[in-house]
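> As a plain string of letters, each chain reads:
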Amino acid sequence: MKKRIIGIMLIVALVVSLAVTVAACNNTQKTKIGVMLYNFTDIQGTEIKSYCEYLEDNFDVEFVYEAVGSNDEAHISGLQNLLSQGCNAVISGYDTALSRSIAMCEEAGAYYAVLLGEVSKYEYLEENGYQPTLVEGMDSKYFLGGVTQFGGNPETVGVAYAQAAYNAGLKKIGAISFPEFTFKDGKTIYDTFKAELAKLDPTAEVYELQTFMYTQELCEAEVTKLLTNHPDVEAVLGLGSGLDYIYPALQNNNRSDVKLLALGYNNTVESLLSGSLLTAGTNNYTQCVASVFVRIWDAMNGKSFADQGEDDINGVAGYPIITSQAELEDFKTYIIPADKSNGSITAEELKNAMVTYNENATWAGLNELTGRTLEEIKEARAA
Amino acid sequence: MKTEKEKRVMVPAEAPVEETSETPKKRKISGADVWQFAKSQKNSLIRYGAFVLVLIVFAITTGGKLFSTYNLKTIVSQVTPLLIMSAGLIFVFAHGGMDISVGAVVGLCSLLSVYVLNDTGSVFLVLLTCIAVAVACYVINGGSSILFKIMSTISSLAIMFAARGIVTYNVSRTDETIRFTNSSLVKMFSDNYGFMVASCVIIVLICKVLFDYTKLGKQAKAIGDNPLGAAQSGANVNLIKMLCYIVAGVCVGIASVFAIARVGSVSENMGSGREMDVLIALILGGMSLSGGTKSKLSAAVIGSITYVLLSNGLSISGVPTNYISLVKGILFLVIVLLTLRQSKNIRELPR
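Those sequence lines, one after another, are chains F and A. Its first residue numbered 0, the first sequence is counted upward by one per residue in numbering that gives the first Met the number 0. Its first residue numbered 0, the second sequence is counted upward by one per residue in numbering that gives the first Met the number 0.
Quick caveat, the hints were computed from the structure, so don't treat them as lab data. Treat the numbers as computed from the prediction; the structure is a model and nothing was measured. Hints may contain errors.
Each computed DSSO-like pair below joins lysine-lysine, with the alpha-carbon atoms no more than 27 Å apart [as the list claims (entries may be wrong)]:
hint	chain 1	residue 1	chain 2	residue 2
1	F	Lys302	F	Lys48
2	A	Lys27	A	Lys41
3	F	Lys186	F	Lys224
4	F	Lys120	F	Lys29
5	A	Lys217	A	Lys38
6	F	Lys186	F	Lys170
7	A	Lys186	A	Lys38
8	F	Lys170	F	Lys120
9	A	Lys186	F	Lys120
10	A	Lys327	A	Lys41
11	F	Lys48	A	Lys327
12	A	Lys72	F	Lys31
13	F	Lys29	A	Lys27
14	F	Lys31	F	Lys48
15	F	Lys140	F	Lys350
16	F	Lys140	A	Lys186
17	A	Lys38	F	Lys31
18	A	Lys72	F	Lys140
19	F	Lys183	F	Lys29
Chain F is faced by these chain A residues, among others (derived, beta-carbon under 10 Å) [to be verified]:
hint	residue
20	Phe147
21	Lys148
22	Arg178
23	Ala230
24	Val262
25	Ser266
26	Ser271
27	Ser289
28	Thr292
29	Lys293
30	Leu313
Think of the CB as a built atom: it goes at the ideal place given N, C-alpha and C, for glycine as much as any other residue.
With the hints as extra help, turn the sequences into a complete structure.
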């Protein structure tokens, strides 16, 4: 009896499902692009989604979103779910399980690109005598590369932050970042910051770089360690998401007197800039999306840049830095406006950078467009 | 002579109505009989009903994409590692144990898989390594729990931290991603869907035999109900517990190969969250995490498939990503309330 009932239930399920499958065969054919991020609720996620919606209004494209966990298996499951939805291309925020992701997209005939970071085409392994070895999948025509952050030059951030520290007259500065293996640019920025500050003010002291692994508790432990070892510290160079992790940790240690030079941006910047926050900065989300969208759109239309070399797999996105209320206003107006047609890159500018719409479009031109500084964007909008 | 307590333990909560010699052989089935049957099989009906409901709802909401060839492959590849892990860990849960180290053990096995395959090119060695490492972890886990009489949650917590620590340390030593240099060698575990299904079927069958038809499974369930009673009935409690951990280790080791083949590279987070996946799958399948005679292997099968269908179906249905966790949580709560709520007349000893 029990087996019979279960059997009947399964048959009913199967019949209904098949009927629906057959009925669903005439779908509209819009280009569908999947976007994978850890979340779409923070400023980064909402801004990326917002620009994608702007693209939907201006191109025959539909975006679908998948929030993925930070582990590799969740990433692959998310990718599979997007491909199951019939995505023609997938934009991943990160280079997690890259080779496998490319292989899966290749199998499904979908393009794949990394949004928030550059990717290396070659790896240098001990067993190969540290000779450049092509990473599996990197030569696939379905892989469209990544995006270099900090305008392709993290050193400029280090220099700008050193200048801000010097202007504030800071002498004793701690530095906290994510581990180097997860955030290489953090170390580069720290080194440049230290060297630049030494030039500007030889008496200033930058303590050794501390690192923590992505949790508030571990961050608090590092902040406490810094404050214990250097109780006279005047500021922290917060490379490991200064606003999300380090600022709360300083508050919990009752050290609101310690200034913060933060990488990162969130809604607290406005109030903190008049207090302990000296600098904030973040990726230009619009430029990141624009850079990969151009490549995807051209690839889907069978176009490519004549001047793009085989090893040119990373586009560029700028990194606006905020040090004053005036800069914050500009940031809000041109980097994260509600109406994206007044933002960093308009649909017209984007079309002009695509070979699909402009035969003379170049790879260099695309990188120039997506690497514009806040000042350059402001000038472009004023024109 | 059984004590009153033992008698109470032995009474199944949902004992089927036995036919007696007076029962007429071909009696017409009345509505009352169907109602009686439905009541007696309430948990099974809810469990399978939830599965069927999920299937129907998502078939409709996904516009049939749920059954597209690509998505069926997706479901198979997502179910395989989870199902194999759940099938093994059900032995641990059945005897009243708990394990939260499975994610970290998968991470450790995955890390070693990459090293072994890159060095030797032998898939067989990869499989052996994963099984050996997972079994070692579970022997330490079970052994410390049994020998030192510490809660199994605590011992598995220690294994979790140790295994995760090893993975993180190794990943942090290099700037390069730790990945298979030739992933085609493990393609069988990532792209051969027939092989995945066959592996699941074989492993589930073996586990079914062990769980339902051997001393190991029967005594494990008895220990889950009442360790003292089981010991007095002749079960070697410590040995059975240890064997359960070994079975779990073997399954987790095999599942690790499927997991790493699917991903192709190892990061410090590899496998994280798997412990929750397994727990949720088993609960969705109707497993009581306190173990005992009510534990059924079908919980691992139905639960794993339902769990994957839920995640996959919600995503393909176009449910906004911000709401997926909430919807999952509500569905999970409803199913748990319906299947695991203790009935008023339950006659079971408190554990």
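> Does each hint fit the structure? Answer for all of them.
Against the structure, the hints come out as follows:
Distance hint between Lys302/F and Lys48/F is fulfilled; the C-alpha atoms sit about 26 Å from each other, no more than 27 Å. Straight-line distance between C-alpha atoms of Lys27/A and Lys41/A comes to about 22 Å, which keeps the hinted pair within the 27 Å bound. Annotation: proposed proximity of Lys186/F to Lys224/F holds, straight-line Cα distance about 19 Å (limit 27 Å). Distance check on the hinted pair: Lys120/F and Lys29/F sit about 31 Å apart at the alpha-carbon level, beyond 27 Å; violated.
Pair hint Lys217/A plus Lys38/A holds up; C-alpha atoms about 26 Å apart against a cutoff of 27 Å. For the hint pairing Lys186/F with Lys170/F, the CA-to-CA distance comes to about 20 Å; that is within 27 Å, so the pair holds. Pair hint Lys186/A plus Lys38/A does not hold up; C-alpha atoms about 47 Å apart against a cutoff of 27 Å. Using a Cα cut-off of 27 Å, the hinted pair Lys170/F and Lys120/F is violated, with the two alpha carbons roughly 41 Å apart.
With a CA separation close to 22 Å, the supplied pair Lys186/A and Lys120/F stays within the 27 Å bound. Of the supplied pair hints, the one linking Lys327/A and Lys41/A holds, its CA atoms being roughly 23 Å apart against a limit of 27 Å. With a C-alpha separation of about 23 Å, the suggested pair Lys48/F and Lys327/A falls inside the 27 Å cut-off, and the hint holds. Taking the CA atoms of Lys72/A and Lys31/F, the gap is about 21 Å. The hint holds against a cut of 27 Å.
Between Lys29/F and Lys27/A the alpha-carbon distance is near 58 Å, which puts this suggested pair outside the 27 Å criterion. Straight-line distance between C-alpha atoms of Lys31/F and Lys48/F comes to about 14 Å, which keeps the hinted pair within the 27 Å bound. Using a Cα cut-off of 27 Å, the hinted pair Lys140/F and Lys350/F holds, with the two alpha carbons roughly 22 Å apart. Between Lys140/F and Lys186/A, the direct Cα distance comes to roughly 21 Å. Compliance with the 27 Å bound is thereby established for this hinted pair.
About 48 Å separates the Cα atoms of Lys38/A and Lys31/F, which puts this hinted pair outside 27 Å; it is violated. Note on Lys72/A and Lys140/F: the hinted pairing holds, with a Cα-Cα distance of about 23 Å set against a maximum of 27 Å. Of the pairs offered as hints, the one joining Lys183/F and Lys29/F is violated, with about 38 Å between alpha carbons and a cut-off of 27 Å exceeded. With a least beta-carbon distance of about 28 Å to chain F, the hint placing Phe147/A at the interface is violated under the 10 Å criterion.
Restraint check, Lys148/A versus chain F: the minimum CB separation of about 30 Å is more than 10 Å; hint violated. For Arg178/A, the suggested interface contact is upheld, since its CB lies about 6 Å from the closest CB of chain F, less than 10 Å. Proximity of Ala230/A to chain F is violated relative to the hint, the smallest CB-CB distance being about 34 Å (cut-off 10 Å). Satisfaction of the interface hint for Val262/A is found here, the shortest Cβ-Cβ separation to chain F being roughly 4 Å, below the 10 Å cut-off.
For the restraint placing Ser266/A at the interface with chain F, the shortest Cβ-Cβ distance is roughly 6 Å, inside the 10 Å limit, so the hint holds. Checking Ser271/A against chain F: minimum C-beta separation of about 5 Å stays under 10 Å; hint holds. Against a cut-off of 10 Å between C-beta atoms, the interface hint on Ser289/A is violated, since the closest Cβ of chain F lies about 24 Å away. With its C-beta approaching chain F no nearer than about 18 Å, Thr292/A sits outside the 10 Å limit, and its interface hint is violated.
Taking 10 Å as the C-beta contact cut-off toward chain F, the hint placing Lys293/A at the interface is violated, the least distance being around 16 Å. With a least beta-carbon distance of about 9 Å to chain F, the hint placing Leu313/A at the interface is held under the 10 Å criterion.
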